[in-house]
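The residues making up each chain are set out below.
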Amino acid sequence: MKEYFSNIYTALVTIFIGMKVTLKHLFVPSVTIQYPDVKPELPERERNRLYVNMDDCIGCDQCARACPVSCIQIETTKALPAEDLGKTSNGKKKALWVTGFTIDFSKCCYCQLCVFPCPTDCIYMTDVYEFSEYQRDDLIFDFVTLTPEERQQKRDNLAKFNAEKEAEKLKAAAESKPKIETEQKKDQPKE
Amino acid sequence: MMYDFFVDLFGNTVIAGIASGILMSLLPLFLFILPYALFAVLAERKVSAHMQDRLGPMRIGWHGWNQTIADIIKLIQKEDIVASDTDKPLFNFAPVLVFAGSYAAFAAIPFSSYYIGSEVDLGIFYIIAVTGLVVAGILMAGWASNNKYSLLGSMRSVAQIVSYEIPTMLVVLSLVMVSETMSLHTLSEMQTGYFWNWYIFGGPGFSLTKFLLIPSMLIGFIIIYISTLAEVNRVPFDIPEAESELVAGYHTEYSGMKFAMFFLAEYANMYAVSAIVAALFFGGYQSPVGYLGNLLGVEWLIPIEQFLWFAAKGLFFVFVQMWLRWTLPRLRVDQLMAVSWKYLIPIAFVNLIVIGFITLI
Amino acid sequence: MINTKSSAIRTEEMVLNMGPQHPSTHGVLRLELALEGEIITKVTPHIGYLHRCFEKHCEAMTYPQIVPYTDRMDYLASMGNELGYAVAMEKLLGIEVPQRVEYIRVIMAELQRIASHLVALGTYGADIGAFTPFLYCFRDREKILHLFEITCGARLLYNYIWVGGLSHDLHPDFVRKTRDFIKEFKPTIKELNDILSYNKIFIDRTANVGILPVKTAINFGVSGPNLRASGIKWDIRKDDPYSVYSKFDFDIPVGKGTHGTVGDSWDRYFVRILEMEESLKIIEQALDQLPDGDVQSAIPKRIKPNAGHVYGRVENPRGELGYFIISDGSTTPYRVKVRAPSFVTLQILGELCKGYMIADVITILGSIDIVLGEIDR
Amino acid sequence: MKNTEEILQALKENFPDFSFELKSDLPVEGFIICNPLVIDKISHFLHDNPELNFDSLINLSGVDEIKANQLSVYYHLESTELKHKLVLKVVTDRNSPEVASVTDIWKGANWHEREAYDMFGIKFLNHPDLRRILMPYDWEAGHPLRKDYENPEFYQGMKVPF
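Chains as they are written, first to last, in my numbering: chain W, 32 to 222; chain H, 605 to 965; chain X, 6 to 382; chain R, 515 to 676.
One should not assume that every hint holds.
Claimed, not checked - Here are the simulated EDC-like cross-link-like pairs (lysine to aspartate or glutamate), alpha carbons at most 16 Å apart as the crow flies:
#1 X:148 / H:657
#2 R:581 / X:333
#3 X:220 / R:569
#4 X:220 / R:562
#5 W:51 / H:657
#6 X:220 / R:595
#7 X:47 / R:643
#8 H:752 / X:43
#9 R:599 / X:245
#10 H:752 / X:37
#11 R:661 / X:64
#12 X:148 / W:72
#13 X:309 / X:333
#14 W:51 / X:199
#15 R:597 / X:244
#16 X:238 / R:595
#17 W:55 / X:199
#18 W:55 / X:196
#19 R:599 / X:244
#20 H:946 / W:34
#21 X:61 / R:579
#22 W:51 / X:196
#23 R:599 / R:519
#24 H:752 / X:18
#25 X:188 / X:293
#26 H:752 / X:41
#27 R:597 / X:245
#28 W:70 / W:161
#29 H:752 / X:17
Simulated from the structure, these hints should not be mistaken for laboratory data. Predicted, not measured: the structure shown is a model, and the values here were computed from it.
Please build the complete structure, drawing on both the sequences and the hints.
Here you go:
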């Protein structure tokens, strides 16, 4: 019998305690913000969409190799000896035309692993987070600054250069004894 | 009044009777229930939001006040999905029955001394009987949906509503014993004057019985409030639609306007039971402090004031229901039965006997 | 528990599929319930809906690349997952990590423990029908996530704790903001107790429901708060200390059966609340003692461990998280097996639920606090 | 509190017929290799002996050692009371892998063994419910964590590499 009444008592009391808490919160200002109208202030280390500063990119492929989901695709074309590509902002000499640099943001997991190995700090994460698209293909971002014609031209230049070199070599080989020379791979960067 | 107008218009008492009857019965729907439901849905969302340190709907209109209207428009436009294995006639009829049950209760609720849908002498009796229709509707919905969750929900709901009608009835009975009437209109009229004439404070007049009745009435009020909470399936008694267990209970399979009817019925019911509590214990439409109309000598102001008082009292209890909902967890089905059979009914019974003795004095 | 055998009416057993899409199975878990009315006769969990081949992926990735994948297992306690991986790998490589790194790791892991417990407690309230505490918990969790965000830029999947170090040093504001958070957070624990823990309805729903005796718990391999709620002081932070946990002074809360039997759902719930308070203590001590130093000095340039195997484990918010890593001497692991605490804990569900009602399944499932990302991996 | 050598000694004394081999040359932990078909008896002894009292199976993991054409299972045991640990390893043939189940001794082994079966195809004898656990029950393309596993083209008419 004692338990019976103590049950009623504790039930009523604890309900009133709970109601007091919620009533208090009725008058506490809200902690939410009205998102599309008011945007949260993002911290400086925010990790959102990647950005590549192509002026500084030397096409070394380290970011692509660090990526755990392989969302970065880089294609490089060797510059001709006559061409001067200039230097990056921290003084590295560029030797490759970056003819392809795409990041597939539908795959990207925003882990930032690609940012750290970059020798020129040209790939970094920005605070842009609203970039939804209706088509998945639209999430593949191309960062190359060259126009498609220019890219093709660079590739053609290299192919022509290589062919000329090959022809010269053949000529030289025909003239003197053959020299063993391995052709350098096109896409492999120099570290 | 309306009847006389139609007799003049048609010159035929039968047509006039039908026309005025239809009009009179539709009036509360359009004048009160629909605007109230729109308001209550928004209020529920706003109250819950602010209790949870949120803002709730904010985008449609000022502080989202158009949100419910937008929702209703969306629900009307929605496709009416009926699953292939449902029992179609029952499935389609159930929401109508549920809504009719809760809407019919409004007929006998005295909104003011000048407006009461139907002045039946057995007002309370009628309300309690007609809300029983809701049970049938819920059972239909659960069975016809052909969904195990719906079935469990409706079974729970029926068991719950049936058991909680008993304490409600016992408390109503004790009130009837004290007031010797079953008409809500008369009951409200008896509690006229100031707030100390309300039944929660022992009823009209100054006698020993009045003071003896106060504790019993307080207990009676708590019991009827708890059990009506259970009858309208609100937290902590919302196990029929417990969303964390049964997804949505008996209306899992409903969509669009049929779902909206369940929704509307729930909110209408909330007000109906709050109105009964207000009418029984808190003076109905009577003002607690006297009328401005009397003070100014403006006769026509009084019914409007009465209506406002009644709405305010009802809405306050609706607010308390919301407040409880956003505070408390939900009971388990066996505990729910235990609350009714082990706690509310015995206490209500003892309370009834005590009140009986007091009224004998 | 209700005896169903004595009924004279012939009844039929009903099979109810709870999930994979259900509001309170905490993810894509399917429970096959055999019901006698509302009474459970058998529960069969079906898992694997969230299987993402973590272990297979690991065999094709270099060691640092695995870290972001570990985040996605127990997505409510990513820091703990990373810490476990780092602890295991450092054991395998034999690296000594600077003190500052260890202290920051402890602070992060304990903040993560609070954040994770807040989700557990909040969703537990929501499972039982009290929705408001859920949002209070998430409000406070958001503050912790903000602390993580200023440190490493991500809110949930951090990639912060690396093998041998950390990706970033602490933000200059971090210490101040964390102290502010601790100050704000202490009263909200009391508030949570007021609105939920000591509520009569809540106690009625959870006390004496799903009692897990300590012997059964150990036999099933249950760990973490679920095991401690059964009344045994078993915590890897104390019993097999890793990182710098041995330097801090904290208690291990255990279930006492305050409102029912030891090891019931209420105990499992309340142990988590007490644990949050202990975590606050650890964070305060760590903040006071925080040494200076470089957080990246010990990160190996190239991780290529010798052939061998290691089992490294940490006390995650959900229990013992272990990484069994076999290396064959190359830059990718030969085999990674994760001993996920929830995977082990979910096995006891069938044992615990027998004879209770549908509503109790939700109670028990919420109280053992599983994360499906970790179960299915 | 006992180390691996002492436990090995105790095992050798109790099971003179069985072969045990301690392997401790690889980092970081040493382990005892034993016979896969009697692992349940050994486990019973480890569990019930009050001086060893291994009351908890922390982890059970299958490993595919394709170069040696064998599958192996690692058992990580721990005593919550005496606070010592032990690693056991059993080696079984890759073509017909059979290991005795320890589910009777440690109930927590149930799902671990199911996972090892699912991922490596190791058959655990006397297991109460040896079904796939993480993969679909009707997955027919083999056991995915084996090193020579190849994804099927189709599963139930759905293309697998999407």
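Among the hints numbered above, which are violated by the structure, and what are their numbers in rising order? none
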